[in-house]
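Novice: Line by line, the protein sequences give chains A and B. Okay, so the first sequence: first residue is 1 according to the UniProt record's numbering, each after it adds one. Okay, so the second sequence: first residue is 1 according to the UniProt record's numbering, each after it adds one.
Derived by calculation from the structure, the hints in this document are not laboratory data. Bear in mind that the values here come from a model prediction, so they are computed numbers and not experimental data. Please note that the accuracy of each hint is not assured.
[To be verified] The following residues of chain B were derived to be distant from chain A, with all beta-carbon distances above 10 Å:
1. Ala90
2. Leu314
3. Ala326
[Claimed, not checked] Just some of the chain A residues that point at chain B, by a computed CB distance under 7 Å:
4. Ala45
5. Gln49
6. Ala213
7. Val214
8. Val217
9. Thr218
10. Arg232
[Claimed, not checked] Derived contacts from chain B toward chain A, CB cut-off under 10 Å, selection only:
11. Ser268
12. Arg293
13. Met310
14. Gly313
15. Gly324
16. Phe330
17. Gly332
18. Thr361
19. Leu365
20. Glu451
Positions of the beta carbon are idealized from the N, C-alpha and C atoms, including for glycine.
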Amino acid sequence: MLDGALLVRRQRVPLRLSAASYLGGLVFGLALAALILVQLGVPAAALWQEFVVQTFLTSQGLGQTVTAMIPLVLVGLGTALALRVQFWNIGIEGQLWLGAMAATWVSILDLGPEPLRLPLMLALSMLAGALWIALPLALKLLWGVSEVISTLLLGSIAFFWVQHQLFGAWRDGTTGFPTSPTLDATERLPLLGWGQVHAGLWLALAAVVLAAAVIGVTRLGFYARAVGANRRAARAAGLPVLLTVAIFVLGSGALCGLAGAVIVTGTEFRLSQSIGAGYLFSGIVIAYLARSNPLAVLVVSFLLGGLYTAGGVLKVFYGISEAMVLLVQGVVLLSVLCAQLFADYRVVARRPQ
Amino acid sequence: MGENGAGKSTIMNVATAVYAADAGEVIVDGRDVPLRGPADAMAAGLGMVHQHFRLVGSFTVAENVALSLRGAGQKVSVAEAARLLGARAAELGFRLDPAARVDDLSIAERQRAEILKVLLLGAGILILDEPTAVLTAEEAQALLSLVRRLAGEGRAVVLITHKMREVAAYSDRITVMRQGRTVLDAAPAQGLAMDEVARLAVGEIPAAAPRVAARPGAPLLSIAGLSARRGDGSRALDGLALELAEGEVLGIAGVGGNGQSELVELLSGLRRPEAGTIRLGGTDLIAASPAARRAAGLRVVPADRFDSAMAPGLTLAENLALTGIASGRFGGRWLVDGRKMRREAERLIADHEVRGGGPTTPVSLLSGGNAQKLLLAREVSDGARLLVAHSPSRGLDLRATRAVHGAIAEGVARGMACLLISEDLEEIMSLSTRVCVINNGRLSAPMPASEVTPDRLGALLVGHA
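Produce the complete structure using the sequences and hints provided.
Specialist: Laid out in structure tokens, this is it:
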């Protein structure tokens with residue numbers, strides 16, 4: 001019982017303690033997940049093999065995890081950038097859909113000369129993602145409209161727009177399914193010769209490095225920290241608050257848009273109704289666990305990518321239902337989140353009364 | 001009694017089980033009471049009125065009381081709570097509308113509501129934390145007589161305060177704390193020399209700030225016809241006008257809520273005026289951005305430093321750099337020079353004797369006095385021509401108050417002008433060259449500080465002159 005103990009907030013959280021609590025939470029969560037899976041009939045011996053060896057330790061498994069990680073890094077980073085300036089981007093999937101559509105649009109119309117096709121697809125996807133978040137941003141800055149509602153709703157609109165295209169003008173004529181025609185070879189991100197890992201990895205890593213540099217050593221990063229910490233004080237100090245918020249939020253939209261294009265051009269090679277599902281949830285979890293730190297976003301995305309890869313294996317080879325896979329993943333994430341308590345607070349035994 | 005940070009509020013929060021003690025016991029009526037939470041303290045008859053009231057702003061007074069009573073396990077309807085409130089208020093000899101929304105009440109009325117609530121919860125021991133800090137002199141008098149009446153009913157009342165003189169006359173016994181220890185234990189108030197009590201509370205007394213010499217230079221600030229409305233449409237400032245010269249301190253006294261906060265926000269550029277001009281050294285700043293105003297030498301110390309001046313989550317160095325970074329003082333156009341930022345912070349921290357942390361400590365870990373010293377170090381720096389200071393020593397102990405006043409006086413001696421807005425007359429009188437009073441968004445005619453008498457000021461404060 002907590003009656004016997006007190007929680008005392010730490011004034012400073014040492015890095016070592018923070019890392020230890022993440023790790024402790026992860027181990028506890030995985031153990032709990034293992035327990036559930038054994039109950040469901042997965043042989044205990046196979047767990048180590050599937051969860052750890054096949055996901056992180058074999059070249060093929062690691063390749064799958066890294067492939068899953070690439071778009072996660074981009075959406076996680078996107079969410080983190082917006083959070084830095086206290087903007088809740090709940091429309092990650094909307095911007096992702098717009099980015100995916102922009103890339104598909106370029107491919108269908110065969111815009112531009114062939115060597116420039118792929119760069120154009122990627123650039124336009126960023127522009128589309130940024131434009132899709134520009135409206136909620138303008139509404140917020142001009143009239144204080146809550147971005148939580150506006151970005152969320154624009155996410156739904158984006159999805160309906162995708163459906164409208166896929167069931168209409170963009171439907172693949174050869175199969176009749178509601179997916180866009182497959183991309184030409186020149187429109188795909190080159191593979192790196194390691195499973196399905198594609199050149200999107202370099203884009204994701206570059207985005208991480210760029211974001212870390214902007215936040216860490218530039219004046220713009222300092223402005224963002226000040227705006228995030230106390231917006232009124234930043235304004236009174238004469239900092240360009242609106243500009244800072246606009247740059248970070250548009251950057252957030254652009255990264256999410258890029259994630260959409262990277263999924264289309266890197267792994268799926270076509271636009272379908274299912275490619276964007278789940279990224280809203282993932283983006284927020286990643287940004288939160290990483291505390292909006294770009295380098296931590298990379299680490300968390302990698303682990304989450306592993307979790308998703310293992311989930312896929314469980315579904316296909318052990319007949320575990322989608323719901324149970326989500327439950328297991330939720331258990332792991334929740335225990336990592338809960339373990340934060342021990343980093344932020346000291347538990348002190350209360351003397352007996 | 002005791003200075004800020006002496007531990008007065010802490011010990012009372014322990015007594016009411018808001019905080020848990022590491023060691024020690026709470027004895028009520030000779031019995032050791034185990035306190036596991038505020039509910040236990042309430043059951044033991046301890047009731048505390050905190051400095052920041054525990055009332056739901058969007059509820060009526062009666063709803064707040066009903067909420068608390070039900071929380072304590074009594075099934076009371078809002079109508080019954082209203083009846084109880086009315087009866088208890090009448091007994092104590094004041095009026096309070098139980099159907100009024102707490103947000104619509106004045107601070108003094110909220111305080112009365114809070115006291116009534118605690119009494120109705122059955123408090124035999126009433127603890128008031130800095131009850132007079134937010135009240136005008138008259139309201140404080142009324143409150144202290146109310147406290148005497150409650151004591152007359154047989155209740156024990158604890159008054160936590162650092163305003164010694166004001167409270168001493170109403171107390172039977174006085175306990176003085178300093179740095180977490182009791183230095184005077186429940187001495188009978190009668191026959192106690194106040195100077196002695198003050199010395200006990202403070203330890204050694206730092207030298208008083210040097211009185212600012214009345215040596216006004218060239219005219220600097222000229223405000224005319226300044227008008228503004230609050231968010232609810234009521235008039236905050238009504239054609240306010242003033243003149244201020246270099247090296248001069250204009251003290252604006254007045255009861256809180258007469259337009260002071262709005263005036264400060266208009267000057268810092270956080271609020272748009274309806275009409276008027278603010279000329280600083282000949283340039284009209286009325287439409288200028290906060291950045292342009294700072295560049296022109298206008299500096300602001302607002303009443304709440306964490307509202308619009310500093311960010312508690314940022315470090316000392318970052319907070320100090322907040323205002324200089326946009327002009328490129330810490331790095332070039334694109335990058336930030338963290339080392340230069342920390343070096344400058346080290347210098348300012350040493351020069352202004354800020355204690356409790358270094359350049360990389362978050363400001364939230366500083367005490368109020370040290371945070372305020374840090375803010376003044378930033379605002380009264382190179383290029384400051386006009387300092388707008390709103391209640392700069394509110395909530396600070398004597399030592400920190402002296403440091404803050406010293407920093408202002410030093411700036412003024414260098415030729416900076418200061419607009420000092422405060423409800424603390426002692427503060428106004430110790431720094432100002434001229435004094436005026438703000439009332440309903442208008443200023444009285446300024447008078448030289450030497451001609452100010454309590455009678456004249458008192459009449460202006462209540463708006464009868």
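Novice: Run the structure past the numbered hints and jot down the numbers of the failing ones, going up.
Specialist: 2, 3, 4, 5, 6, 7, 20
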